[in-house]
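**Student:** Letter by letter, the chains look like this.
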Amino acid sequence: AQRVTQPEKLLSVFKGAPVELKCNYSYSGSPELFWYVQYSRQRLQLLLRHISRESIKGFTADLNKGETSFHLKKPFAQEEDSAMYYCALRMGPGGADGLTFGKGTHLIIQP
Amino acid sequence: DAGITQSPRHKVTETGTPVTLRCHQTENHRYMYWYRQDPGHGLRLIHYSYGVKDTDKGEVSDGYSVSRSKTEDFLLTLESATSSQTSVYFCATAGVVGNTIYFGEGSWLTVV
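In the order they appear, the protein sequences are chains D and X.
Position 64, counted from 1, in the first sequence is what this note's numbering calls 64; the numbers after and before it change by one each time, with no gaps.
Position 79, counted from 1, in the second sequence is what this note's numbering calls 79; the numbers after and before it change by one each time, with no gaps.
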């Protein structure tokens with residue numbers, strides 16, 4: 001079965017420091033990987049999907065199939081980046097049966 | 001936000017009572033999903049639908065049932081609520097297979 005692992009429950013960095021949120025997955029096929037962000041008590045919002053290779057709010061993520069990882073990175077953290085971040089996998093292509101989520105990482109940016 | 005509204009947004013209910021949560025979408029999306037969010041567990045899929053009257057079970061479907069009689073509405077029912085079903089419930093939708101999945105604002109359910 002597919003699985004997504006986010007090893008850090010909580011990550012605290014200072015404003016202006018680099019940020020890396022780790023995500024590893026296990027799936028035998030060709031997955032689609034996503035990062036979602038959830039600000040306090042709000043809906044989940046799509047941050048990135050690996051197939052689009054976009055940079056949103058300064059965040060980037062590269063799919064490393066050899067290491068089965070999809071780490072989220074940002075060179076200079078900002079206070080407004082404080083939120084919950086979820087890595088998610090959809091069995092591709094297609095994936096009508098939804099997303100499998102990691103348990104999330106709570107990112108805190110200290111001033 | 002794909003025009004997703006959930007109701008009720010907050011509910012407190014007693015153990016053993018039935019509860020129905022409604023997800024309504026205005027984008028004519030084919031695929032709809034119900035997730036629950038719990039600390040330490042992230043989001044887990046309860047049930048999903050790939051069309052009117054077509055539904056299937058997710059990872060944590062025990063104690064839940066769903067119905068989709070119209071494209072725009074996906075109902076989640078707890079037949080007899082238990083304290084372990086205290087959670088935040090999120091509805092999500094997707095237009096076509098492979099498209100972005102959008103989430104609703106969540107429904108906070110407390111079972112006492």
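No wet-lab data here; the hints were simulated from the structure.
Because the structure is a prediction, the values reported are computed rather than measured.
Be aware that one or more of the hints could be misleading.
What the hints assert, rightly or not - Simulated DEER-style distance windows between Cβ atoms: (1) D/Ala1 / X/Leu75: 25 to 35 Å; (2) D/Ile108 / X/Ser69: 35 to 45 Å; (3) D/Ser52 / X/Gly51: 19 to 29 Å; (4) X/Val112 / D/His106: 35 to 45 Å; (5) D/Leu46 / X/Gly40: 17 to 27 Å; (6) D/Gln2 / X/His24: 22 to 32 Å; (7) D/Ser40 / X/Thr86: 31 to 41 Å.
What the hints assert, rightly or not - Calculated pairs, DSBU-like style, for lysine-lysine (alpha carbon to alpha carbon, straight line, at most 35 Å): (8) X/Lys70 / D/Lys103; (9) D/Lys15 / X/Lys70; (10) X/Lys70 / D/Lys9; (11) X/Lys53 / X/Lys11; (12) D/Lys9 / X/Lys53; (13) X/Lys57 / D/Lys65; (14) X/Lys57 / D/Lys22; (15) X/Lys70 / D/Lys73; (16) X/Lys70 / X/Lys53; (17) X/Lys53 / D/Lys73; (18) X/Lys57 / X/Lys70.
Glycine included, each C-beta is placed from N, C-alpha and C at the ideal position.
**Student:** Hint by hint, note whether the structure agrees.
**Tutor:** Hints and how they fare:
Restraint check, D/Ala1 to X/Leu75: a C-beta distance of roughly 28 Å satisfies the suggested window 25 to 35 Å. Distance hint check: the CB atoms of D/Ile108 and X/Ser69 are about 44 Å apart, consistent with the given range 35 to 45 Å. At roughly 26 Å, the beta carbons of D/Ser52 and X/Gly51 sit within the given window of 19 to 29 Å. Distance hint check for X/Val112 and D/His106: the Cβ-Cβ separation is about 27 Å, which falls outside the suggested range of 35 to 45 Å.
Taken as a hint, the range 17 to 27 Å holds for the pair D/Leu46 and X/Gly40, whose Cβ atoms sit roughly 23 Å apart. At roughly 30 Å, the beta carbons of D/Gln2 and X/His24 sit within the given window of 22 to 32 Å. Taking 31 to 41 Å as the suggested C-beta distance range, the pair D/Ser40 and X/Thr86 does not conform, at roughly 19 Å. Distance hint between X/Lys70 and D/Lys103 is fulfilled; the C-alpha atoms sit about 32 Å from each other, no more than 35 Å.
For the proposed pair D/Lys15 and X/Lys70, the alpha carbon gap of about 48 Å is over 35 Å, so the pair is violated. At roughly 39 Å between alpha-carbon atoms, X/Lys70 and D/Lys9 are farther apart than 35 Å, so this suggested pair is violated. As the CA atoms of X/Lys53 and X/Lys11 are separated by approximately 27 Å, the hinted pair is consistent with the 35 Å bound. Proximity of D/Lys9 to X/Lys53 is assessed by CA-CA distance (about 38 Å); at most 35 Å being required, the pair is judged violated.
Between the alpha carbons of X/Lys57 and D/Lys65 the distance comes to roughly 29 Å, so the proposed pair stays at or under 35 Å and holds. The suggested pairing of X/Lys57 with D/Lys22 holds, with an alpha-carbon distance near 29 Å, which does not exceed 35 Å. As the CA atoms of X/Lys70 and D/Lys73 are separated by approximately 41 Å, the hinted pair breaks the 35 Å bound. A distance of roughly 8 Å separates the Cα atoms of X/Lys70 and X/Lys53; the hinted pair therefore holds under the 35 Å criterion.
Only pairs whose Cα atoms come within 35 Å are accepted, and X/Lys53 paired with D/Lys73 is rejected, the gap being roughly 41 Å. With a C-alpha separation of about 19 Å, the suggested pair X/Lys57 and X/Lys70 falls inside the 35 Å cut-off, and the hint holds.
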